[in-house]
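*Asks:* Dock chain Y against the given chain V, drawing on the hints supplied.
From first to last, the protein sequence lines stand for chains V and Y.
Position one of the first sequence corresponds to residue 1 (UniProt numbering), numbered consecutively onward.
Position one of the second sequence corresponds to residue 1 (UniProt numbering), numbered consecutively onward.
Be aware that a few hints might be false.
Claimed, not checked - Lysine to any residue pairs mimicking SDA-like chemistry, simulated, CA-CA at most 25 angstroms apart:
{"no.": "1", "chain 1": "Y", "residue 1": "107", "chain 2": "Y", "residue 2": "183"}
{"no.": "2", "chain 1": "V", "residue 1": "207", "chain 2": "Y", "residue 2": "151"}
{"no.": "3", "chain 1": "V", "residue 1": "498", "chain 2": "Y", "residue 2": "159"}
{"no.": "4", "chain 1": "V", "residue 1": "488", "chain 2": "Y", "residue 2": "247"}
{"no.": "5", "chain 1": "V", "residue 1": "488", "chain 2": "Y", "residue 2": "130"}
{"no.": "6", "chain 1": "V", "residue 1": "194", "chain 2": "V", "residue 2": "462"}
{"no.": "7", "chain 1": "V", "residue 1": "99", "chain 2": "Y", "residue 2": "273"}
{"no.": "8", "chain 1": "V", "residue 1": "99", "chain 2": "Y", "residue 2": "46"}
{"no.": "9", "chain 1": "V", "residue 1": "292", "chain 2": "Y", "residue 2": "144"}
{"no.": "10", "chain 1": "Y", "residue 1": "157", "chain 2": "V", "residue 2": "278"}
{"no.": "11", "chain 1": "V", "residue 1": "207", "chain 2": "Y", "residue 2": "145"}
{"no.": "12", "chain 1": "V", "residue 1": "511", "chain 2": "Y", "residue 2": "69"}
{"no.": "13", "chain 1": "V", "residue 1": "292", "chain 2": "Y", "residue 2": "257"}
{"no.": "14", "chain 1": "V", "residue 1": "209", "chain 2": "Y", "residue 2": "135"}
{"no.": "15", "chain 1": "V", "residue 1": "511", "chain 2": "Y", "residue 2": "248"}
{"no.": "16", "chain 1": "V", "residue 1": "498", "chain 2": "Y", "residue 2": "139"}
Just so you know, the hints here were simulated from the structure itself, not pulled from any lab data.
The primary structure of each chain is shown beneath.
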Amino acid sequence: MLGNTKRNGMAMVSVILAVLLLFTACSSNSNSNESGGSSGSESGQRVTLKIEVFDRGNSPAGSTITDNYLTRYVQENFGDPNNIDVEFVPVPRSEEVEKLNVLMASGSDVPDIVFTYDTNTFNRYASQGGLTDLAPLLEEHAPNLTAFLGEDILQYGLYEGTQYAVPAKRSQVGKYASFIRQDWLDKLGLDVPKTTEELYEVLKAFKEKDPGETGGQVIPLAMTVANAQYEPLIWSFIEPLTEEQSYTLTQTLGSNDYPTLLPGFKEALQFMNKLYNEGLMSRDFALDTDKKKLGEDVSSGKVGFFSEDDVNPFYENGMYATLQKNVPGATLAAVDVYLNPEGKYAKPMYNPNGMYIMVPKSSNRAVEAIKYLEWMATDDHLFHMQNGVEGENYTMVDDVPVAMENQTEEALNRLYNSGDMAIISNGKQLGSEELNLRARAMQFPKEYQDIVAIAQELANTDLIEPVVLSRPIDAQTKYGTTLQEKFKEMLVKTTMAKPDQFDNVYETMMKDYMASGGQAILDERTAVYQEMQSK
Amino acid sequence: MSSKVYFRRYWQLYALVMLPLAFFIIFKYGPMYGIQIAFKDFNFFQGIQGSEWIGFEAFREVFGMRDFYLTLRNTLMLNFLDLVVSFPAPIILAILLYEMRTVWFKKLSQTILYIPHFISWVIIGGIAAQVFGTQSGMINNVITSLGYEAIPFLTEKNIWLVTYLLIGVWQSAGWGTIIYLAALTGINRELFEAASIDGAGRMKRIWHITLPGLKPTIVMLLIINLGHLITIGFDRPYVIGNLAVREYSDVLSTFVYRIGLQSGQYTLATVVGLFQAVVGLVMVLSANYISKKLTDEGIM
Chain V
1 MLGNTKRNGM AMVSVILAVL LLFTACSSNS NSNESGGSSG SESGQRVTLK
51 IEVFDRGNSP AGSTITDNYL TRYVQENFGD PNNIDVEFVP VPRSEEVEKL
101 NVLMASGSDV PDIVFTYDTN TFNRYASQGG LTDLAPLLEE HAPNLTAFLG
151 EDILQYGLYE GTQYAVPAKR SQVGKYASFI RQDWLDKLGL DVPKTTEELY
201 EVLKAFKEKD PGETGGQVIP LAMTVANAQY EPLIWSFIEP LTEEQSYTLT
251 QTLGSNDYPT LLPGFKEALQ FMNKLYNEGL MSRDFALDTD KKKLGEDVSS
301 GKVGFFSEDD VNPFYENGMY ATLQKNVPGA TLAAVDVYLN PEGKYAKPMY
351 NPNGMYIMVP KSSNRAVEAI KYLEWMATDD HLFHMQNGVE GENYTMVDDV
401 PVAMENQTEE ALNRLYNSGD MAIISNGKQL GSEELNLRAR AMQFPKEYQD
451 IVAIAQELAN TDLIEPVVLS RPIDAQTKYG TTLQEKFKEM LVKTTMAKPD
501 QFDNVYETMM KDYMASGGQA ILDERTAVYQ EMQSK
Chain Y
1 MSSKVYFRRY WQLYALVMLP LAFFIIFKYG PMYGIQIAFK DFNFFQGIQG
51 SEWIGFEAFR EVFGMRDFYL TLRNTLMLNF LDLVVSFPAP IILAILLYEM
101 RTVWFKKLSQ TILYIPHFIS WVIIGGIAAQ VFGTQSGMIN NVITSLGYEA
151 IPFLTEKNIW LVTYLLIGVW QSAGWGTIIY LAALTGINRE LFEAASIDGA
201 GRMKRIWHIT LPGLKPTIVM LLIINLGHLI TIGFDRPYVI GNLAVREYSD
251 VLSTFVYRIG LQSGQYTLAT VVGLFQAVVG LVMVLSANYI SKKLTDEGIM
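Next up, chain Y with everything else stripped away, as it sits in the complex:
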């Protein structure tokens, strides 16, 4: 079938794909026009066209800023720790849920686990201050009334790190189970029956059937997460962080907010954004490459 005939027969499908294509062109590729701000002395009264080219000067300035390296380190550190702590959590939870046999209890726990995902970070930040505050936080009220020293959950940087990570797990783990639960429905139930007839206990079945069944999903999500290692959401570090732990809580997104939106230095902010995008791309590609070599699974 020649491509012309093919196109004529299936043109409706092409028409349908127009919609997502338009989305990507308008909202993902269109804004790339603004990348040139990174190479210009951007003056927002003259617009992008009117501003002068300055080559790589802004890059030199950003790479000379102490805060850039600090926030870069923090971004990588927080994301890496998050990967270690928060990534396995939904997998474990999903397996636990999958193994549950009482349907109403399973549904109930699922709902309870999803709820934190729908609470905005600003509110979580408020709750965190109430619960973890040193002087009048709920937990420390108990600790001090028992006669122990209050724990600075939010104001000592290393303890703050733990608080930050655990709040992240609490917020996202439940929601993260959805994709794994979906993958688990794809596993043939007969495998479990066969295994138990062969004398495999619950742990053995999880190890030899459930986990291998989840492997493609795990690898895919891991690659996606690695690509995001250098980008970090704004809300969570901004809301949970504070001045006392800025050494750890100041990340690239809050840095961009400060120099871009607050100080109006759009050129520098764009440089940081571009840097993140390029490094992120390199990371996804290399993670994909390694994964293909090691496990034959990849996303591209």
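Okay, chain V solo, but in the shape it has when bound:
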């Protein structure tokens, strides 16, 4: 009898377990709609505003990406006075779009404020009707924000005439600069190259004479498959375009214009092919998608010349600092060498807008969301989020906040995620581009501020403006990601082909590119151009 009850007991336990399992699995769906209901702060009820935040996995000890100095600053200065609980939803920076797609598809778990840098993603959400029209809310609740961004920036958030996004404002639009090992040039008695041909001669000298004594490991030109390395080279080969050509032949994939169909593109690839086959370029550049190898090679003193985001090499303990530690006497010079057929150092620039800030349609907190952005644009909140506390983080020098040299650990940790929290702006906003650039240079270690200033100037020279069409191109939204892959594959395959097979490979890759959506984009853009002309 006793044995029997015991056995029954066991059975009960297993039944309960099974039932529990069923319930937990089902209940995860049901509690998600609770957050709906009344629209919060006006009725005096405390509400929750959920805001996306990029997680770069760099939170210092004592902070997390959802609980740190800036999140507390937001809660105390925006949340508490407005009776709002601000909750931050982390999204890994490296898989921003993928994670956002999943969040959006989940419907109810999606944050009230989301954002992306990817134009195609914005267009897709807008075209599928997933976003809130923000124009009336901006008008009613956000005079400061509207003034801060201005008409020019706001128009980037329009989708077929509706304000589906608030675009962030960039403090400056320069992208790329190139750098050369000045000490190598000096050692070989060479001048700084001023044209692409001169660069080629210098690269050859770097390879043959190995001034860095790398023991045959020298990489005269460092290349990767990231935009910053190949774009300056390729765009300098593009010939002058008519208005029609630039509207119809440019392909906008993601947030960048791609030159696949532009005259001169093939010559650019041919030049890359020549550099590669003569051993003047990184052999494994196809593997370097995240510029990690580039960083290693530059810092270990193997690289003679490379292009990069203008200020990237100069961070504290960054590429240049490590290089100078590893190779005493190594110096970089910022240079412009890629001369285009017009005699300009043409290179792409950023759109004047930064990321697209959006409010999903399913959100009940659209008003609070806009109020949050408005709050950030009001008084000195943005300034505080970007610069911290005066006397602890920065001091004012000639109207520019300059980071202090020996900040306390606590002060330093305040601003580690500042760029990702101050979402309405990319870079520091001080009222004019000149001040913005100066402030940007001031963020870098003292010894590098001069070269940063030069690099920034080069990055802002002879810019190629992004091509803006009157309406979004569906084919670009649809094929964008695939074609970006195809473009990079074309770059890699044509560059690595044997010189006598170059034409063959180029033709094959081009055919594949066109068949995978390139033709569809071309047709649609041509149609839109004709529309624009007939108006």
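*Replies:* Chain Y in isolation, oriented as in the chain V frame:
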């Protein structure tokens, strides 16, 4: 005994089976609801219910994509080569381990062989770049310092294929021996003694006793593997592959990732997933059928 009485007497057993049953219903059958996405113009703001039916249009679109055929071919090719190269490896290893007589050495080698299985592909990818890189990889550093031309292990498609396969063997062979070693413990030791008394050498014993003892396990695993011929893990080709060898390294799973998660075209991604599932099912069933005909062994 009537089924009612039977059920009353053994209801505890039925209760126990509830648990795995619930698992399968929730995690395997439940998600099948989403299959209808393949037949709808899925708009994720309106959900599955709200999206419109489009029949087989998405299938037509997928079957018209060049990348679909390329990735399908690569999936089959990589899996088939893997079957040829990686499938026999654990069998051979298991027999080698089984024949070892020094216990501590056997245990040690087993542990060493298992370790790669626990390293994530992302890390293996990093190691691979360090070891096989053309310009600064360990192996090529040796080769070039001896005055030979560097071998593009990762960037020439045919050589990459070999690298890919060997990394696979390195990663999985040790772990794969477990199931064979388990099967080997089931072989009656007396058979070996009898055979050696009859004058059979080591090779003869392996051929006539060990291998036949393993046959059911080998056939079972082979059938399971054939069913997986059309599905391929995401990590390995994605991590080991690169732009220079995309012609071989782009497979269905990376294709689905690109059009589904990255481009947000869930309908197309679901179509590919469904296609894989159907073909996989057909393959398992036919492999099982053939195996039953040929060897009388099967899994169903």
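*Asks:* Take the hints in turn and mark each one as holding or not.
*Replies:* Hint-by-hint comparison with the structure:
no.: 1; hint: 107(Y) / 183(Y); in the structure: 17 angstroms, holds
no.: 2; hint: 207(V) / 151(Y); in the structure: 20 angstroms, holds
no.: 3; hint: 498(V) / 159(Y); in the structure: 17 angstroms, holds
no.: 4; hint: 488(V) / 247(Y); in the structure: 13 angstroms, holds
no.: 5; hint: 488(V) / 130(Y); in the structure: 22 angstroms, holds
no.: 6; hint: 194(V) / 462(V); in the structure: 15 angstroms, holds
no.: 7; hint: 99(V) / 273(Y); in the structure: 20 angstroms, holds
no.: 8; hint: 99(V) / 46(Y); in the structure: 19 angstroms, holds
no.: 9; hint: 292(V) / 144(Y); in the structure: 23 angstroms, holds
no.: 10; hint: 157(Y) / 278(V); in the structure: 21 angstroms, holds
no.: 11; hint: 207(V) / 145(Y); in the structure: 17 angstroms, holds
no.: 12; hint: 511(V) / 69(Y); in the structure: 16 angstroms, holds
no.: 13; hint: 292(V) / 257(Y); in the structure: 23 angstroms, holds
no.: 14; hint: 209(V) / 135(Y); in the structure: 18 angstroms, holds
no.: 15; hint: 511(V) / 248(Y); in the structure: 18 angstroms, holds
no.: 16; hint: 498(V) / 139(Y); in the structure: 24 angstroms, holds
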